[in-house]
Amino acid sequence: MPETLLKINGLKKSFTLQGGMFAKKRSLKAVHEVSFSIDEGTTYSLVGESGCGKSTTGRLISRLLTPSHGEIWIDGEEVSQKKESQLKSIRKKVQMIFQDPYASLNPRMKVREIIAEPLVIHTKLSKLERNRLVNEILEVVGLTEHHADRYAHEFSGGQRQRIGIARALIMKPKLIIADEPVSALDVSIQSQILNLLKDLQTEFNLTYLFISHDLSVVEHISDSIGVMYLGTIVESGPKDVIFSNPQHPYTKALLSSVPVPDPRLRRERIVLQGDLPSPVNPPSGCRFHTRCPACMDICRTVEPEMKKVLADDHFAACHLVN
Amino acid sequence: MEKLLQVNQLETQFTKDKEKLKILRGVSFHINKGEVLGLVGESGCGKSLTSLSIMKLFKGTSGEIAGGRIVFKGEDLTHRSEREMRKIRGKQMAMIFQEPMTSLNPVMKIGEQLLEPIRLHLDLNEKQAKEHVIYILKKVGIPRAEEIIYEFPHQLSGGMRQRIMIAMAMSCNPQLLIADEPTTALDVTIQAQILELMKQLQKEEGMSVLLITHDLGVVAEMCDRVAVMYAGRVVEEANVFDLFESPKHPYTKGLIGSVPKIGQRKDKLTSIKGNVPDPSNMPKGCKFAPRCNDAKAICFEEEPNATDLGNGRMCSCWMFEEGRENVYA
Chain A
1 MPETLLKING LKKSFTLQGG MFAKKRSLKA VHEVSFSIDE GTTYSLVGES GCGKSTTGRL
61 ISRLLTPSHG EIWIDGEEVS QKKESQLKSI RKKVQMIFQD PYASLNPRMK VREIIAEPLV
121 IHTKLSKLER NRLVNEILEV VGLTEHHADR YAHEFSGGQR QRIGIARALI MKPKLIIADE
181 PVSALDVSIQ SQILNLLKDL QTEFNLTYLF ISHDLSVVEH ISDSIGVMYL GTIVESGPKD
241 VIFSNPQHPY TKALLSSVPV PDPRLRRERI VLQGDLPSPV NPPSGCRFHT RCPACMDICR
301 TVEPEMKKVL ADDHFAACHL VN
Chain B
323 MEKLLQVNQL ETQFTKDKEK LKILRGVSFH INKGEVLGLV GESGCGKSLT SLSIMKLFKG
383 TSGEIAGGRI VFKGEDLTHR SEREMRKIRG KQMAMIFQEP MTSLNPVMKI GEQLLEPIRL
443 HLDLNEKQAK EHVIYILKKV GIPRAEEIIY EFPHQLSGGM RQRIMIAMAM SCNPQLLIAD
503 EPTTALDVTI QAQILELMKQ LQKEEGMSVL LITHDLGVVA EMCDRVAVMY AGRVVEEANV
563 FDLFESPKHP YTKGLIGSVP KIGQRKDKLT SIKGNVPDPS NMPKGCKFAP RCNDAKAICF
623 EEEPNATDLG NGRMCSCWMF EEGRENVYA
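From first to last, the protein sequence lines stand for chains A and B.
Okay, so the first sequence: first residue is 1 according to the working numbering, each after it adds one.
Okay, so the second sequence: first residue is 323 according to the working numbering, each after it adds one.
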């Protein structure tokens with residue numbers, strides 16, 4: 001039985017919006033209710049459309065944000081309300097890879113300095129030792145030590161993302177939170193990075209929390225999946241089950257919206273009507289009811305709970321699921 | 323089949339520090355009447371510049387057409403003046419851009435923006451023009467069209483804004499619609515709505531569409547024929563079924579293999595090694611050769627020409643050039 005590395009329970013986060021000096025303060029519930037756990041050495045993906053709260057969830061777990069409510073257990077330690085000064089041990093175990101490889105690397109630092117920065121903060125290694133580790137890690141991510149003394153702007157998007165991965169790996173973390181790591185890349189480069197992430201996982205027994213809007217990428221990389229809509233997970237389970245037997249109408253619609261790269265498979269899609277409602281003023285009852293093709297009366301008033309579906313570990317929050 | 327648009331050996335260049343840099347290096351393809359042609363490729367391959375060259379939208383840049391021909395409805399557009407182009411833009415060919423927020427004027431009401439091309443190109447009085455705007459908005463599925471015309475772009479969602487852009491492009495019944503990554507900035511469920519709408523409008527109006535995209539899924543879903551671009555040239559042209567079933571050019575093969583497909587279990591994706599070449603520092607010979615697994619000596623020496631493989635298929639690769647026996651001996 002693999003060990004659970006990350007467990008989060010009833011996570012909530014709301015932001016206060018200020019309209020103006022006299023405007024009423026409103027709150028935006030970015031994360032309304034999120035619970036899941038990840039076993040060591042596996043990949044869990046959060047999928048959903050923009051504004052569903054998937055990135056906020058990632059930032060809460062890495063404690064770049066403090067949750068309003070709920071628990072975060074990382075490697076047996078509860079960290080949800082810890083102060084910055086107490087977080088150092090967690091920062092070593094949890095590292096992030098960001099979406100935009102252009103914005104997430106400091107343009108005034110050499111690659112060597114960027115990658116070595118976590119070592120400077122967390123260890124007492126000498127410069128020589130740091131350089132040795134940087135050279136090693138560059139090799140691991142498919143660059144060479146000749147790249148170390150250049151600046152970020154001299155690299156292409158794919159290479160920059162490799163630098164971002166090297167920076168995340170240098171502390172030998174247990175959990176990597178990858179927030180849309182390949183969305184800014186071209187397909188031919190995207191596949192290079194996905195392959196690299198998979199290889200690294202096998203090599204270092206890494207655990208990934210993978211945040212993405214792209215279902216085909218998610219299917220390729222994950223072991224389990226959580227589908228998010230307006231701040232809540234509406235369906236979660238092992239990858240195979242989610243893709244072959246989705247239960248929640250939103251998951252079904254999402255899957256059928258993805259254009260398939262095969263012209264013989266042009267098919268009838270479930271096209272959802274309307275747009276994503278605003279999280280400032282979410283719909284009553286089931287949050288998906290305004291766009292749901294199977295909406296019933298109960299959906300408008302009662303918020304559905306996560307219910308177990310036939311297979312193990314497969315849960316869906318929908319009144320249609322028995 | 324009648325050809326609506328023919329692009330022949332198109333070359334477009336920019337001037338920087340008195341140095342000329344050719345970005346399009348002989349782009350050739352055609353679009354038949356009533357068909358959807360997909361122009362695919364990765365960032366920097368020149369697909370967007372191709373569309374800007376067809377429309378001659380170079381204002382404020384040093385871009386210019388340096389060679390080749392653009393023939394639209396039998397007329398050569400290559401050397402048309404700005405004034406003549408204005409009569410064509412918006413009326414006979416119209417364009418939708420990727421980012422619906424930046425392509426709408428934020429301080430102009432929706433209705434006013436939609437009236438611009440109509441006033442310019444259609445002979446309608448104010449009342450008729452306004453009715454036409456509402457008719458077009460309803461056609462692209464905008465609810466409460468009568469009120470929306472008095473609102474500003476920031477009051478609408480991304481999907482709605484893209485519908486407005488489509489409405490604007492369609493307002494004068496163009497024969498050619500150029501859509502440059504029309505759904506890239508949108509979420510998948512909204513993308514599905516917009517693709518569905520474009521398909522339906524294309525069928526109803528029988529117009530031709532040049533769809534520029536990097537998403538092979540969108541290509542498979544929407545297009546009749548496809549032209550694949552790499553480093554400023556079309557390297558393969560085929561109908562959509564042939565292209566996905568038996569891609570010929572090594573780049574097309576790599577591209578199709580790189581895309582993870584739902585339902586297809588693969589431990590490893592095929593990937594293309596290396597990066598897209600820098601236009602100011604192009605390799606000699608075939609521009610794909612440094613990344614190609616099948617490259618032979620000649621590929622690094624000379625650039626291959628387009629070879630007709632029959633059935634409307636074209637491919638620029640030494641594998642298919644005549645006399646390849648010598649090359650691939």
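Calculated from the structure, these hints are not laboratory results.
Any given hint could be a false lead.
[Unchecked claim] In silico lysine-lysine, DSS-like type, Cα no more than 30 Å apart, as pairs:
| # | chain 1 | residue 1 | chain 2 | residue 2 |
| --- | --- | --- | --- | --- |
| 1 | B | Lys588 | A | Lys198 |
| 2 | A | Lys239 | A | Lys12 |
| 3 | B | Lys588 | A | Lys174 |
* Checking against the hints above, which ones are violated? -> Nothing - there is no hint that the structure violates, so all of them hold.
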